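Peer 1: Residue numbers (numbering that gives the first Met the number 0), protein chains in the order written: chain A, 0 to 245; chain B, 0 to 572; chain C, 0 to 423.
Note that these hints are calculated values from the structure, not bench results. Nothing here was measured: the structure is a model prediction, and the numbers come from that model. Certain hints may be false.
Coverage of chain B stretches by chain C, computed from C-beta distances (three or more under 8 Å per stretch; other residues unrestricted) [as the list claims (entries may be wrong)]:
1. 1–8
2. 12–19
3. 124–136
4. 156–167
5. 331–338
6. 536–549
Yeah, the Cβ is synthetic: ideal placement off N, Cα and C, and Gly gets one too.
The chain contents come next:
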Amino acid sequence: MMLRVRDLRKAFGGVHAVDGVSLELPRGEIRALIGPNGAGKTTLFNVLTGQLAPDAGDVWLGGERLSGLPPHAIWRRGVSRTFQITATFATLSVLENVQVARLSHARRSLALLTPAGRLEVERARALLALVGLAAQTERPAGVLAYGDLKKLELAIALANDPAVLLLDEPTAGMAPAERGELMRLVVGIARERALTVLFTEHDMDVVFTVADRVLVLHQGRVIADGTPAEVRGDATVQQVYLGEGA
Amino acid sequence: MSASLLLVQLLSGLAHAMVLFLIASGLSLIFGVTRIVNFAHGSFYMLAAYLTYSLAARLSLGGASFYAAGLAAALLVGLLGLVVEVGLLRRVYGAPELYQLLLTFALVLVIADLVRWAWGTENLTGPVAPGLTGAVPIAGQLFPTYDLALIALGPLVALGLWALFYRTRYGILIRAATLDREMVAVLGVNEAALFTSVFVLGSVLAGLAGALQVPRQALTTVMDTAIITEAFVVVVVGGMGSVFGALLSAILIGVIDAFGVLVLPRASLVLIFVVMAVVLIVRPWGLLGRPGGPDAAGAGTTLAADGGRVPRGLVAALVAALVVIPPLLPPFALWLLVEVLAFALFAASLHLLMGAGGMVSFGHAAAFGLGAYGAALLMLQAGWPMPLAFAGAPLVAAACSVVIGFFCVRLSSIYFAMLTLAFTQIAYAIVHQWYDLTGGDNGLLGVWPPPWLAPPLRYYYLALLACGGGVALLALIERAPFGLTLRAAVYLKGSVFPESLTVGVSIQPLVMVLLGGVETLAGAPVGAAVYKLLDTVVTRYTEYWQAVLGGILILLVVAFPRGIVGSLRSARR
Amino acid sequence: MRGRGARVLGRGGVRRQETLASVSCALAATCLVLALGAVPPARTQAPIKIGEINSYSGIGAPFTLPYRQAVEMAVDEINAKGGVHGRTLEVLFRDDRGQPAEAIKHAQELVAVDRVTLLAGGFLSNVGLAISDWARQHKVMYVAAEPLTEALTWSKGHPYVVRVRPNTYEQGRMLAEKAARLKHVRWAAIGPNYEYGKRAWETFRDRLKELEPGMQVVGEHWPALGKIEPGPYVTAILNQSPDALYVSLFGSDWLAFVREAEKRGLFQKMFVVGLLLGEPEYIDPLKTEAPEGMLVTGYPWYDIGQPAHRQFVERFMKRADREPRLGSLVGYITVLSIAEALRRAGPDPDADRLSAAFRGLPVTTPIGTITFRAIDGQSTMGAWVGTTKLDRKRGVGIMVNHEYVPGERVLPSDEEIRKMRGGG
């Protein structure tokens with residue numbers, strides 16, 4: 000099992016954002032995480048990546064316990080993510096954006112004071128080529144088209160050669176045609192590298208074409224977990240989620 | 000004006016600009032990456048100047064003593080930065096960002112007393128820089144070689160910083176963190192180490208600036224506060240977090256200041272603040288800042304004010320205590336209580352701006368002071384009876400606030416704070432220099448209550464009525480009546496001074512609000528009471544009141560990182 | 000929102016603990032206040048308490064320590080001789096931080112809680128005026144030591160305030176009378192941008208104009224107090240090419256100005272007149288950088304021949320292990336004056352008796368007898384006027400060719416004072 004989550008809990012004041020979530024992700028699986036607004040999806044992501052400390056429960060990557068580690072340590076162990084709101088460094092060049100993400104490999108602080116080595120830069124360029132941004136490496140990220148920004152985010156998330164990729168609404172705000180293109184890119188890379196992917200998504204067409212399995216969250220609890228077909232047929236899901244106009 | 004005068008004046012302005020740049024670049028860098036508004040930056044600068052003075056006298060390296068001492072002092076201050084960041088600031092990164100501000104304010108107090116204790120209060124003149132003591136003729140006038148060296152050094156430091164930022168991997172991290180530090184953390188960068196290194200780098204720059212001032216200026220125990228406001232102005236005009244913006248704005252301000260001497264000799268108090276106000280109105284994010292960039296007041300916006308509705312019975316008990324107990328108290332205790340009440344209202348109204356409005360105002364003192372002046376002038380000049388003037392004060396303050404607010408509210412966060420600061424300083428300068436109306440720095444004297452109100456007890460009840468009513472009103476409407484701050488204490492002290500308009504007074508209530516807790520309105524009055532009483536008691540027993548007060552503040556911040564009331568609440572959960 | 004440390008607050012919690020906090024704070028405050036108020040009133044044989052408010056931190060801080068040391072010395076000396084009316088003197092020092100509002104808080108506390116018999120001290124003019132106004136309202140005697148503004152005893156004077164040190168008007172006049180003999184025509188001025196700086200220049204200029212109607216003002220400069228960036232000012236002054244420059248800068252502003260002015264050759268190009276700048280407070284920190292040939296008021300303690308003064312200097316140096324400043328002399332004389340007034344006021348002094356005692360009170364001091372004038376409470380203590388020179392042996396600037404000008408020579412007549420008070 001690549002990623003194992005056991006009875007995870009996180010509350011804010013009286014609100015239980017994540018209320019006893021357990022899940023298991025085998026290596027290479029692409030799983031969608033869906034649920035109505037406020038279901039706790041983003042909070043779950045934040046706990047998985049260490050930005051929030053859980054109140055209870057564990058997260059394991061392979062044989063290693065992740066819960067309790069700071070974000071940078073979790074990232075170094077191979078869990079990376081993208082954000083719902085596009086997060087890139089606007090005034091840094093596209094190449095530098097990817098370099099930031101690769102810098103965590105430079106452990107010695109003095110090494111930081113040297114220019115990035117040739118190999119380092121080559122790797123960053125290769126990643127950008129992989130997501131289709133080879134022609135734009137020197138432009139500031141701030142001037143990229145929206146679709147390209149999303150690709151850049153993907154490149155950043157891939158920079159640490161992750162084992163697990165968490166994508167928070169990867170296609171939010173994109174035109175339907177672009178969504179398909181981006182998700183095909185994600186799937187292609189994931190299959191090629193045997194990446195484990197967990198993604199949230201509002202667009203049900205994307206969910207049901209891309210995901211191997213679908214997990215449904217409602218009020219912080221898992222209410223369904225199965226193949227797209229199983230979830231589509233689940234009465235509870237239809238009632239609390241699909242019924243709400245999705 | 001001759002061309003040679005203009006040239007030499009330009010060079011003089013540039014030399015000043017380079018010192019400003021050094022101190023402001025460190026401040027901007029620290030803010031950009033860690034979001035800390037480091038009030039102690041000026042203290043680091045002062046400490047480095049004093050260290051340079053002492054080390055230069057002790058080192059026996061001949062002509063190199065001064066330079067070695069300056070470098071050593073800058074590094075020592077960097078070391079202090081390391082201790083402060085790791086030992087104190089790191090403990091409160093999880094708290095709302097403004098608590099870090101409270102902590103640095105406490106450090107200002109502690110370092111001020113440390114310097115007072117170690118070097119005494121008398122002015123000192125440090126060594127001159129060997130080899131750079133003379134002057135060279137430029138366009139027929141003598142110009143100091145040391146200033147020329149500064150003009151050369153500034154760009155060198157800027158170039159060094161540029162190489163660091165754009166030619167090293169560390170630089171990429173710093174620029175990335177300035178844009179979005181949380182994302183950098185998620186990308187596997189050890190945020191703690193990055194923050195520490197940046198804080199140390201910024202402190203070293205402050206130290207360098209302090210060391211470089213030694214041959215030009217006298218050492219005084221007020222160097223810290225004298226430079227810090229100016230440094231903030233440079234940072235804000237340049238754009239928070241932008242080191243090159245700081246260079247540009249330091250040059251702008253240094254040169255405008257130098258030419259102001261020729262053209263507007265009486266404007267020395269206010270000139271740079273006018274420049275700041277103009278820049279911010281035209282370009283609200285500073286010269287090289289980014290719209291929607293770093294947001295220091297984020298804490299305010301993420302903290303929804305939840306009003307803190309206190310059960311009625313307990314409010315009644317508290318009010319009853321405030322009504323019943325005072326007749327048993329001696330007059331001085333009453334005076335003190337009036338002061339606490341006035342500041343409680345002041346802090347509460349500031350809290351509303353911060354908590355509900357999500358705005359941090361450094362200019363709250365403007366409203367406070369204008370209220371006080373309004374009341375005093377209505378009484379002295381217009382001959383109004385006191386209670387009427389008392390009611391008129393908030394109207395005067397409100398009118399001014401509308402004008403200030405018109406320019407300010409469209410800005411967000413730290414820029415809002417700094418623009419309010421600019422207006423405060425402008426108001427201060429006007430009051431300070433308009434002798435006929437305001438009495439200048441001597442203040443307005445003889446603003447005493449009429450005989451029927453003179454007994455402290457009666458006066459106390461009037462203040463209780465006004466301040467209690469004010470706080471209740473604030474609690475009810477949850478809005479920010481800027482001008483509601485009327486200063487009851489004015490009448491007990493019988494005078495109004497320009498100091499009531501200064502930034503220091505603006506910081507005090509900010510400290511009170513933070514001390515009590517920004518999350519709840521109840522925090523503001525509690526913070527006001529605790530701060531005022533601490534202050535009064537501590538000054539009675541030690542001349543090192545700043546160190547003691549600062550130490551207590553540090554303990555409180557570390558022990559109650561969400562303010563007193565906020566921490567008590569979360570402790571109960 | 001992408002989970003930025005989500006500081007969302009709960010809304011459901013009971014607010015009892017918050018209220019408890021408020022109430023306990025209020026109770027703590029009350030107890031504290033009661034404790035402060037519980038100090039018992041003075042009994043007859045208890046010491047006579049003097050509340051001393053001064054700038055021990057802030058902008059005045061560099062100058063107040065030598066003052067305080069001399070105050071303590073004088074009190075010890077008086078107490079060693081049995082005190083006044085069999086009661087010892089006790090001084091309670093308070094720090095006004097250079098802020099008038101803070102000074103008033105201390106005045107209230109000293110009078111109400113500590114039951115002091117009178118208030119003394121003050122360095123900055125605005126602080127002195129604030130204490131004085133409070134003293135008038137609350138009928139408490141205030142002996143101002145160092146504040147220089149003439150308003151204190153004149154336009155804003157009242158029966159409960161007296162002042163020891165010669166004011167700006169007196170010192171400006173002393174300098175103008177000497178400067179007039181030098182026949183300089185083109186004058187420039189530089190001073191701190193607050194009332195002291197401007198009044199210091201105006202009194203000098205007005206008197207000079209009376210004596211030398213041909214004088215012209217070619218430039219006035221007003222840097223912010225404590226924040227001077229002197230280079231541009233020096234250049235500006237040089238380009239106005241005055242024959243003489245009047246300086247009312249002091250403290251760190253003056254020290255920084257000297258450094259810049261020396262490098263740019265200002266002192267070679269014009270005659271400089273400096274208010275107070277011969278005082279060790281301002282000339283000693285310059286060490287060998289002190290400019291020579293300036294006309295100044297000051298305090299040449301190293302060169303004052305009266306035996307009483309020599310003994311004062313000796314005792315002070317032995318006790319404080321440092322050289323005296325003018326503040327030391329003023330502090331010493333302030334305590335001597337208070338003791339003398341207390342003697343005259345009788346065993347049970349109150350503000351009115353003290354006020355009456357101070358009117359026309361002669362006090363024997365190390366520099367001779369001074370008198371507190373009946374009309375305005377201004378003492379007739381004078382100042383030394385002389386020229387600066389470097390003492391290479393000691394490594395500091397000193398005053399030479401100095402003359403002691405007693406206050407009587409420059410103070411306005413009673414008639415003029417009445418006009419000022421009536422019109423002010």
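Peer 1: Please flag the earlier hints that this structure goes against, numbers listed from lowest up.
Peer 2: Hint 4 alone not satisfied by this model.
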